[in-house]
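Asker: Spelled out, the chains give:
Protein chains: 2
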Amino acid sequence: MRDVSIIGIGQVPVGEHWNKSLRLLGAEAVLASLADARVERPEALYAGNMLCGQLSNQQNLAALVADYAGLRGIEAIRTEAACASGAAAVRMGWMAVASGLMDVVVALGVEKMTDAPGGRTTTALAAAADAVYEGEHGISFVALNGLLMRRYMHEYGYEHDDFAGFSVNAHANAVHNPNAMFRKAISPEAYRRAKMISDPVSLLDSSGIADGAAAVVLAPTAHAQERGLPAVRVLASSVGTDSVAIHDRHETLFLSAAEISVQRALAQSGLRLTDMDFFELHDAFTIIATLSLEAAGFAPRGQGVRMAMEGAIALDGSLPISTMGGLKARGHPVGASGVYQIVEAVQQLRGEAGQSQLPHCRVGMTQSIGGSGATIVTHILGS
Amino acid sequence: MRDVSIIGIGQVPVGEHWNKSLRLLGAEAVLASLADARVERPEALYAGNMLCGQLSNQQNLAALVADYAGLRGIEAIRTEAACASGAAAVRMGWMAVASGLMDVVVALGVEKMTDAPGGRTTTALAAAADAVYEGEHGISFVALNGLLMRRYMHEYGYEHDDFAGFSVNAHANAVHNPNAMFRKAISPEAYRRAKMISDPVSLLDSSGIADGAAAVVLAPTAHAQERGLPAVRVLASSVGTDSVAIHDRHETLFLSAAEISVQRALAQSGLRLTDMDFFELHDAFTIIATLSLEAAGFAPRGQGVRMAMEGAIALDGSLPISTMGGLKARGHPVGASGVYQIVEAVQQLRGEAGQSQLPHCRVGMTQSIGGSGATIVTHILGS
Chain W
1 MRDVSIIGIG QVPVGEHWNK SLRLLGAEAV LASLADARVE RPEALYAGNM LCGQLSNQQN
61 LAALVADYAG LRGIEAIRTE AACASGAAAV RMGWMAVASG LMDVVVALGV EKMTDAPGGR
121 TTTALAAAAD AVYEGEHGIS FVALNGLLMR RYMHEYGYEH DDFAGFSVNA HANAVHNPNA
181 MFRKAISPEA YRRAKMISDP VSLLDSSGIA DGAAAVVLAP TAHAQERGLP AVRVLASSVG
241 TDSVAIHDRH ETLFLSAAEI SVQRALAQSG LRLTDMDFFE LHDAFTIIAT LSLEAAGFAP
301 RGQGVRMAME GAIALDGSLP ISTMGGLKAR GHPVGASGVY QIVEAVQQLR GEAGQSQLPH
361 CRVGMTQSIG GSGATIVTHI LGS
Chain P
1001 MRDVSIIGIG QVPVGEHWNK SLRLLGAEAV LASLADARVE RPEALYAGNM LCGQLSNQQN
1061 LAALVADYAG LRGIEAIRTE AACASGAAAV RMGWMAVASG LMDVVVALGV EKMTDAPGGR
1121 TTTALAAAAD AVYEGEHGIS FVALNGLLMR RYMHEYGYEH DDFAGFSVNA HANAVHNPNA
1181 MFRKAISPEA YRRAKMISDP VSLLDSSGIA DGAAAVVLAP TAHAQERGLP AVRVLASSVG
1241 TDSVAIHDRH ETLFLSAAEI SVQRALAQSG LRLTDMDFFE LHDAFTIIAT LSLEAAGFAP
1301 RGQGVRMAME GAIALDGSLP ISTMGGLKAR GHPVGASGVY QIVEAVQQLR GEAGQSQLPH
1361 CRVGMTQSIG GSGATIVTHI LGS
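Line order of the protein sequences matches chains W and P. The numbering of the first sequence is our numbering, which starts it at 1 and goes up by one. The numbering of the second sequence is our numbering, which starts it at 1001 and goes up by one.
Be aware that a few hints might be false.
Stated by the list, open to error - Okay, the calculated bits of chain W under chain P, using three or more residues with CB under 8 Å as the criterion:
#1 93-100
#2 115-121
#3 126-137
#4 241-247
#5 251-263
#6 350-357
What the hints assert, rightly or not - Facing chain P, from chain W, some residues (calculated, C-beta under 8 Å):
#7 Met1
#8 Gly53
#9 Asn60
#10 Ala66
#11 Ile74
#12 Thr79
#13 Ala81
#14 Ala82
#15 His176
What the hints assert, rightly or not - Computed list of chain W residues with no C-beta within reach of chain P, every gap over 12 Å:
#16 Leu55
#17 Arg227
#18 Gly270
#19 Gly297
No lab work stands behind these hints, which were simulated from the structure alone. Owing to the predicted nature of the structure, the values given are computational and were not obtained by experimental measurement. A virtual CB, placed ideally from N, CA and C, is assigned to each residue, including glycine.
Bound conformation, chain W alone:
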């Protein structure tokens, strides 16, 4: 298999794009990534999206976006793994290039969530849960995370305030990211006073519903070097799964799929966790950030939240996370977030992260989670 690099990135600012259709959001990100890579026509487009059928009554989105990006004719397939749909598209693009089958591929994540009629988005997001054993009973996806957070607090003896560090860090890091939706720093006091959504999950524990699109161009590392392009290598790409329903897990508070995918990624790259200069994790909820840190192996069970309490996750901490705002403050256009994470990791590794730039940044990990931990996609990138 061939060594693969990301040679171009593109993104639309995350926000409420009521004046842009799903297809146009996708096409804008694709075209931006192609311009960045100085490529005119890739051989394939893999497009990650979760909700196009439910919210836009549109399927076959990959072909549609390819056409609107001026790429009619190329291979185009949509990938879906709930909120990990975008990362899954990158996984497919990586396979297509690593295999030797194609030389230039675009992986896109795109989602449009904010202008659906009231309540529909919440109902649609519940499809990330088990429809028969969870969704059918009327529980929303936020409520499921509320159950997880409550259980964690009960099991390990934490207070709600202990999770504040995740939100404070994410919002602080989003201030300088022009593509983030919530570019306003928040105080621990603001976190404390935030409106409760599904106790104990408050507004500031949750990432926001948003529209957005991000894309990366993948090519063989050797080709990129020949053409003198700034290439960021994909050192590992992996997927792990677990039950969709939370009550079916072997351990309610352990993201087994994260452990599996991280172990696979480390084996593939020959790296260790201590080699990671940062970790773009899936902070859709503060409890999920906590559980990710633990399952990935960065913290022991019950100690993930301490990394936020003690500042280890800050830009100058031992393991910076959400370095440009994360899902929390960038906003979470679900099927696109996995690609935004990778775009931002490339920005860090290229030294193009502006005021969010990490010093001495060589290797980073990204991780995207579908459902409450059912499908977890991990990538390791290196400059």
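Guided by the hints, dock chain P onto chain W, whose structure is given.
Answerer: Leaving out everything else, chain P in the frame of chain W:
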């Protein structure tokens, strides 16, 4: 890249499975394919499905099916390309094995359409069209095909009766297929009298809405040979695309994406059209079968329907199609059909097609179409 073979097949009879959930249909087909391949645990499951979000409020279906098939932990990603979703899953599985990344992968197609509340399935299927320029105006997917058929008849001077051969052939071939939904031969007279759905598309021009699931196990050909398994080689796997909206096409009556994907498949395999012993095409509507034969190159423009009129498509004709019933008489569980086609091609190439068996059968082509021609996936298989 490695030579890849299909070493196992599994299918659930196409029909109305009101007593089986989407996940169970999928798991049954996966387990049947694994048993056929004498494999216990594949490394990945790629699951093609179009409508799980819209009709079952369930996303992340690949992880869900993997879990219910006892495969928790493996890589699992859903592919979607409207009615070509299943074929797209086989494409991904083929890439994963051809790349050298994995040794055993399952590709599944699964769909559940028959027990949604009245009208919802028709609305959901319209998502295969362009939501903004076609679906929004209230046109159903059948009506779009009606426009195509009317235009074809007008342009080339055919009568509705001229299309009868497609349905008569498909139904005749389904009689001996225990997995087909409509195992009853029909006469040209029955075709003539069939109820009109969307003039000129009648009930017997259309494939039926259905539930179903089919799966194939992919592995390196060399491994299969070592283990003495009956391997059917994947000689080519390709995808081509076109605009989603029909009015945007360069030629309304030419499936450009089919031409692209067939040309790619022929180049990959080094074969010619005349090498094909049969063609499992996407006869969702008789007009689509016609256009497929033309765009693939088996008939000149305006002459595809003649292959049905003259019997060339029969089991003893020059190019047998729908050899075990096709979408028309097998039934069309949309995201699953692409895999049923490949399963049946394997049955033919193994000599296990029963009374539908073609003599001297060495190489066959399958082709699955997403939307009215937007995404077209072609495979060439050989014994």
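Asker: Count residues of the segment 251-263 of chain W with a Cβ under 8 Å from any Cβ of chain P, then say if the count reaches three.
Answerer: holds (count 3)
Asker: When you look at the beta carbon of W/Gly297, is every beta carbon of chain P farther off than 12 Å?
Answerer: 17 Å, holds
Asker: Against chain P, does the segment 241-247 of chain W show at least 3 residues with beta-carbon separation below 8 Å?
Answerer: holds (count 4)
Asker: A cut-off of 12 Å on Cβ-Cβ distance, and W/Arg227 was said to be off the interface with chain P. Does that hold?
Answerer: 23 Å, holds
Asker: Less than 8 Å between beta-carbons is the criterion; does W/His176 satisfy it with respect to chain P?
Answerer: Result: violated, 34 Å to nearest chain P Cβ.
Asker: Is the hint on W/Gly53 kept, meaning its closest Cβ partner in chain P is under 8 Å away?
Answerer: 5 Å, holds
Asker: Report holds or violated for the interface hint on W/Met1, using the least CB-CB distance to chain P and a cut-off of 8 Å.
Answerer: Cβ of W/Met1 sits 5 Å from chain P, so the hint holds.
Asker: Holds or violated: the hint that W/Ala66 contacts chain P, with Cβ atoms closer than 8 Å.
Answerer: 6 Å, holds
Asker: Quick check: the segment 350-357 of chain W, covered by chain P? Criterion 3+ residues, Cβ under 8 Å.
Answerer: That given contact is violated, which follows from only 0 residues of the segment 350-357 of chain W lying within Cβ reach (below 8 Å) of chain P.
Asker: Should the hint that W/Ala82 touches chain P count as held when the rule is a Cβ pair under 8 Å?
Answerer: 4 Å, holds
Asker: Any CB of chain P closer than 8 Å to the CB of W/Thr79?
Answerer: 6 Å, holds
Asker: Would you assess whether W/Gly270, listed as outside the interface, keeps its beta-carbon beyond 12 Å of every beta-carbon in chain P?
Answerer: 16 Å, holds
Hint violations for this structure: numbers 2, 6, 15, 16, all remaining hints satisfied.
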